Every structure is written in C-alpha cells, then in structure tokens.
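With chain A's structure known, arrange chain B on it following the hints.
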Amino acid sequence: MNKIVISVLGQDRPGIIAAITRALFLADCNIENVSQTILQAEFSGIFIASIPADQSAADLRSRLETALMPLKQHVYVKYLEYDKGDYPFEESEPFVIVTKGPDRKGLVAGITEVIAQYGANVTNMQAVFEGGDDPDKNIMIYEVDIPTQIDQQKFHEDLRNRANELGLNISVQHRNIFEAINRV
Amino acid sequence: MLTGREIISTLEMLQNEHLDVRTVTLGISLLDCADNDLKRFKDNIMKRITTLAKDLVKVCNQVGDKYGIPVVNKRIAVSPVAVVGASFSSSQLVEIAKMLNDAAEAVDVDFIGGFTALVEKGMARGDRELIRAIPQALAETNRVCASVNVASTLAGINMNAVLRMGKVIKQAADLSKQKDGIACAKLCVFANMPQDIPFMAGAYLGIGEPDAVINVGVSGPGVVKKAIDRSLGSKGHIDLGRISEIIKRTAYKVTRVGELIGREVAENLNICFGVADLSLAPTPHVGDSVGEIFQSLGLQSIGVPGTTAALALLNDAVKKGGAFASSHVGGLSGAFIPVSEDLNIGKAAEEGHLTLEKLEALTSVCSVGLDMVAIPGDTSEDTISAIIADEMAIGVVNKKTTAARLIPVPGKKAGERAFFGGLLGESAIIAVNNAKGSNPFIRLAGRIPAPIHSLTN
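Chains A and B supply the protein sequences, listed in that same order. For the first sequence, counting from 1, position 163 maps to 163 in our numbering; every step adds exactly one. Remember, our numbering sits 184 above the position in the second sequence when you count from 1.
Because the hints were derived from the structure by calculation, they are not lab data. A quick note: this is a predicted structure, and the numbers were derived from the prediction, not measured. Incorrect hints may have been included.
Stated by the list, open to error - In silico DMTMM-like cross-links for lysine to aspartate or glutamate, where the CA-CA straight-line distance does not exceed 25 angstroms:
#	chain 1	residue 1	chain 2	residue 2
1	B	Lys250	A	Asp59
2	B	Lys250	A	Glu32
3	B	Lys250	A	Asp158
4	B	Lys250	A	Glu93
5	B	Lys503	A	Glu179
6	B	Lys250	A	Asp133
7	B	Lys363	B	Glu534
8	B	Lys432	A	Glu179
9	B	Lys504	A	Glu179
10	B	Lys242	A	Asp158
11	B	Lys238	A	Asp151
12	B	Lys250	A	Glu143
13	B	Lys250	A	Asp136
14	B	Lys250	A	Glu130
15	A	Lys137	B	Glu196
16	A	Lys154	B	Asp239
17	B	Lys419	A	Asp136
18	B	Lys250	A	Asp145
19	B	Lys242	A	Glu165
20	B	Lys242	A	Glu157
Isolated chain A, as found in the complex (with noise of 0.2 angstroms):
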C-alpha cells in the first residue's frame, strides 16, 4: 500500500471537504492525516492518504479535478517520501521565535532568512498582521527546530542584529516554556 499527499488550494466555498473525501473513498482510498485552513477567503488543505497498488497518483489526480473543478479548486497530487533526500537529519530542540513590531515588507523574508542559514527548521508560522505601528498588532510565531550543534550564542546574537535593522522585537524561547505554563 502506497501512501499518497493531496494538496488542494482555492477560494472557500461549502462542499470542498466533501468533494475531496468522496473522490479518495470511491478510489478505495484511506485517509491517515489532514491539516486544513482557511486564510482570509483561502481554503488550503493538505491530506496524506494510503492508496492501493493499482491505483496511480496521476489515475487519483484526475478523479479529484474532476470533483472539484466545479468549486474551483487547485490540486495536487504526488506519493509521500520517506527518505530526506540532501536535507540531513540533525538531532534538534524545539523553540518558539516571536516578533514584534510596525508592519512592513521584508520582515518575515529577513528573519527566516537567519534561521535557514544555521539549518533550523521551521515546523509552524502563525501571524498576527493588522497593519501600523503597534507592535502587539503586528506579531510573528516561528515554531522551530533548532539543531544542537550549531552555536545557539551566535544564532541568537545574528537574529538579534536582524530584528533590530528591521524594526522588531524578538524573543527566541525553549518550546517547553510554553507548555509549562498552559498545558495540565
């Protein structure tokens, strides 16, 4: 059994779910994990499903544009990977990165831009954009990776100097804080 990543994009409208379920379920598909979510008027879902050997990506791809191209809908299809290909597994620790500050261009490019080039990965965005000048309407949550053998010092010192020549705040926190306090 193949397992197979369904990735639909489009503007939200009732039905898309649906569409979607039923095209994998008379394809004898199983679904084993979604993540959905709407941004603005966007739907945007990604479902990974296990699909049987005489059934093709291209052959599921077909059913599902058919299905949904009268809601408008973009998809993609491809089989899920388990290897990482050139992307090498670092034994890492989970930290949350906030920012705050006045909204402009380049904030988000200019912070992932640092936490790329130390190989950290990031697991989860969230984003707070309401526009002007107030730094608590305007917040950015980085869920990241960060691996252990890189120097956490100088990691933390680049992404200082970035927040500043852009204007924020930053904080970089153990993810365990977080759970500490909120969760039973």
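Chain B alone, transformed into the frame defined by chain A:
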C-alpha cells in the same frame, strides 16, 4: 502545535507582568566539614562551597536564557552554623561569617544563608555563641544572612531566646546605624522554620536534607494582579469564588515556571531538585507588588478593614494552585507582605492605612510574618522581644510558620523614612505602642509550653 494565544499570553507575563524566578538557591550540607581547628574548618567550608557552587550562576543564566525567564537571584543556603561550628566562640564565629561572605563573593551569589541557630526548646553552647556573634557578623558582612528559630508548635516558645533576640536586633541595628540598621534586614526570627526555604533571609539547609539540593523560589504578584484586573475588566463583576479560581490558575502557571527552571538547573549541576517555593514575593517596583493586588480586589489600600479576609483568600489560592503545579512544594509558599520591599505596602504604612497591629493580624493568614518592618530606633529591647513573642505565638498556635524581621532604625522616629537600597527597598517607620518601656512579662522568661493538640475549638 502551540496556539497563538498560549504564546502571546506567556510573553505578556514575562515581558510586562514581572514574571521571573526570584531565586535559585543551592543548599549545601556542611555537616562533614566540622572540625575543632578554626583554620581547617574554614578551609573545608570554603572548598565545599566553591566546588559545589562554582557553576551555579553560569548554569542559572544559561537556563534562564534558554527559556527567556530571568533567574533574578542565585543564592546559597548552608547547614546551621550553630551546629557545624558548635565548638567555636562568638568571635571565631564572626570569622566564619566573614569566610562565608568571601565564599559567596567567590562564586558570585548575592546572599548566603545559614548563620542559623535552632533553639525552640533550649540553647546549647554553640547556639548561645552564634546568637552572640550575629550583630557583628551581619554588620561586618554584606552577603551573610542569619536566622534563629525560637519557637515551634511541638516545643512551644523559648522565651529566653526571644528575650535574647530583642537585644541582638538592637545591637545589630546599632552596629549598622550609618545604613539605617541594615544588618537587621538580614536577620529573621522564626517559629516553625522550614528546612528548605530558598528565600532570604530565612534560607538554611536543614539537618534532614541531602549533601546538596536545588530549591527554587518563584514570584509573580504582578501576574496575579493583571489576571484579576483582566477578569474584572472583561466581566465587570465576578464573585470571590471565581477570583480564587483565577488566582489558583495563575499560581499554577507561575509555579510551573519555577519547577521547570529548578529541575533543569539541578540536572545540569548534577544535584537533586528539592522544592519549588511558590511565594508571591514583591520587589520595590510598580507592577511587582502584593499590595496592589488588594487594590485590584476593591480595597482602598492594604491595611483597611477587609484586608485580612482578602489576604486569606489570596494566600490559600496561591497554595492550592502551586500545590497542583509541583509534586514537591516547600519553603514558605504563600503571599509575602514585606513592608519596605513592596512600594504599595510601604505607601500604605506611610499613609497610616497599615499599622503594626494590623500587620500582626495579617500574619495570622499570610505565609511569613512581620517582614521588613522599620520601627523607631528608640524601641526598647523588651518591646522588640515582646513583638517577636506575639508573632511567635501566632505561628505556634496556628501550626504555621511566622517570622519577625524588624529593623529599629537608629536615630529615627515614627513617620520618618528608612532607606535600605536594592531589593530591600525603603519605607516609612511604623509607630510602636509603648516603644520605650520595659516589659516585665517578657522578662519572666522560661518556655511557653507547646499548645494542646486536641480540644481545637
């Protein structure tokens, strides 16, 4: 995945509401350092402290940075010096205090506690010598803290020791009169003194404790106040049962921070973790005050009628929330009301809302006692001893810890101000009834028997 609300509310507590770890205190047993040769004894202790504590500050800072939580103070508590140094004279014990001060400086901790005697039932020779050494030891060092347990629920009140402590406090004040009697700010007289307090001046390492242990004291009065303000602001009216619930939840969060930091510091130092002391400990900064909580609850000021009931609610809710958050809670654990260390409480004393008598009433429901109370410099030894005796009686009968940290400010009268600096703060000097007189009751001395443990109506 964390929610944005979880992350932002946590940052708010850290950045705007003064949530911090107030102290990580390394307890160090000195029992096997005992020696009847003063030099060898001092060498043993210096070596023990500088070995075990050499990385304490570094590790606390590293762990604090990792979690974005400042560890404000790093401290050391040692075995009672009256026990380990029982063979020495008072002048030799002063030398030992200076050596402890040197050791504290060498490892860069701000206070070292344990210049301590436990005399609730009677005084041994070492206890008498240590108590005699306290004034000079505190006046001639900056970082050494002393404490004397003069009473317990099981032993009663040692009035001979109470009487002696009145004299010691006067002497300590006089020896530090250029600094408003600051030596007394480093001296606590206790009933039912816990063995694992991380907070100063009462920290020492109990006889039943291991070779070394990390105890952690969290704080967070600002967090509690803001949580109450937010609830009252959003809902308009909430009853006291609901407010208790809000304080409990907040105390839970604060304590979890302490537990997390304490355990990681302990692990990194390869020392066992002891307890989290979940006290609300104020500092002389706006927004980091226990006194402000009373105003959030609708009282004009701490000290007005209703304060004792409000403090009872606060103290109980803090204990309940903290006890749920940590499997090992200890120390004092509750709400502190140190007059000079809390801007708001100091102001209440200055404006006359808070008197010595009301403070004493509050100590029947708070976690410590008469804490950092500046009193007129001409208060007599007898009167100081009598105030201590009253405070001890509250602790002994109610089966709780109480303490007195009184500072008779030399040359100053009620209403004038005393300045101690730093976290010790400043405050108006509180009036004392019959301050100058003798007190024949106190001079009867002896031991007030332990209270009956049945017929508890």
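Comparing the hints with the structure gives:
Among the hinted pairs, Lys250/B with Asp59/A is inconsistent with the structure: their alpha-carbon atoms are about 50 angstroms apart, more than 25 angstroms. Between Lys250/B and Glu32/A the CA atoms are separated by roughly 35 angstroms; this puts the pair beyond 25 angstroms, and the hint is violated. Our distance criterion of 25 angstroms between C-alpha atoms is met by Lys250/B and Asp158/A, whose separation comes to about 16 angstroms. A distance of roughly 11 angstroms separates the Cα atoms of Lys250/B and Glu93/A; the hinted pair therefore holds under the 25 angstroms criterion.
A C-alpha spacing of about 21 angstroms is found between Lys503/B and Glu179/A, which places the hinted pair at or below 25 angstroms, so the restraint holds. With a CA separation close to 29 angstroms, the supplied pair Lys250/B and Asp133/A exceeds the 25 angstroms bound. The straight-line distance between the Cα atoms of Lys363/B and Glu534/B is roughly 20 angstroms, inside the 25 angstroms bound, and the hint therefore holds. Simply put, Lys432/B and Glu179/A have alpha-carbon atoms about 18 angstroms apart, close enough for the 25 angstroms limit, and the pair holds.
At roughly 20 angstroms between alpha-carbon atoms, Lys504/B and Glu179/A fall within 25 angstroms of each other, so this suggested pair holds. As the CA atoms of Lys242/B and Asp158/A are separated by approximately 22 angstroms, the hinted pair is consistent with the 25 angstroms bound. With a C-alpha separation of about 24 angstroms, the suggested pairing of Lys238/B with Asp151/A holds against the 25 angstroms cut-off. Restraint check: the Cα-Cα separation between Lys250/B and Glu143/A comes to about 15 angstroms, which is no more than 25 angstroms; the hinted pair holds.
Between the alpha carbons of Lys250/B and Asp136/A the distance comes to roughly 23 angstroms, so the proposed pair stays at or under 25 angstroms and holds. A distance of roughly 30 angstroms separates the Cα atoms of Lys250/B and Glu130/A; the hinted pair therefore is violated under the 25 angstroms criterion. Among the hinted pairs, Lys137/A with Glu196/B is consistent with the structure: their alpha-carbon atoms are about 13 angstroms apart, no more than 25 angstroms. The straight-line distance between the Cα atoms of Lys154/A and Asp239/B is roughly 22 angstroms, inside the 25 angstroms bound, and the hint therefore holds.
Taking the CA atoms of Lys419/B and Asp136/A, the gap is about 23 angstroms. The hint holds against a cut of 25 angstroms. Taken as a hint, the Lys250/B and Asp145/A pair is honoured in the structure, with Cα atoms around 14 angstroms apart against an allowance of 25 angstroms. Between Lys242/B and Glu165/A the alpha-carbon distance is near 30 angstroms, which puts this suggested pair outside the 25 angstroms criterion. With a C-alpha separation of about 18 angstroms, the suggested pairing of Lys242/B with Glu157/A holds against the 25 angstroms cut-off.
Of the hints listed earlier, those the structure fails to meet are numbers 1, 2, 6, 14, 19, in rising order.
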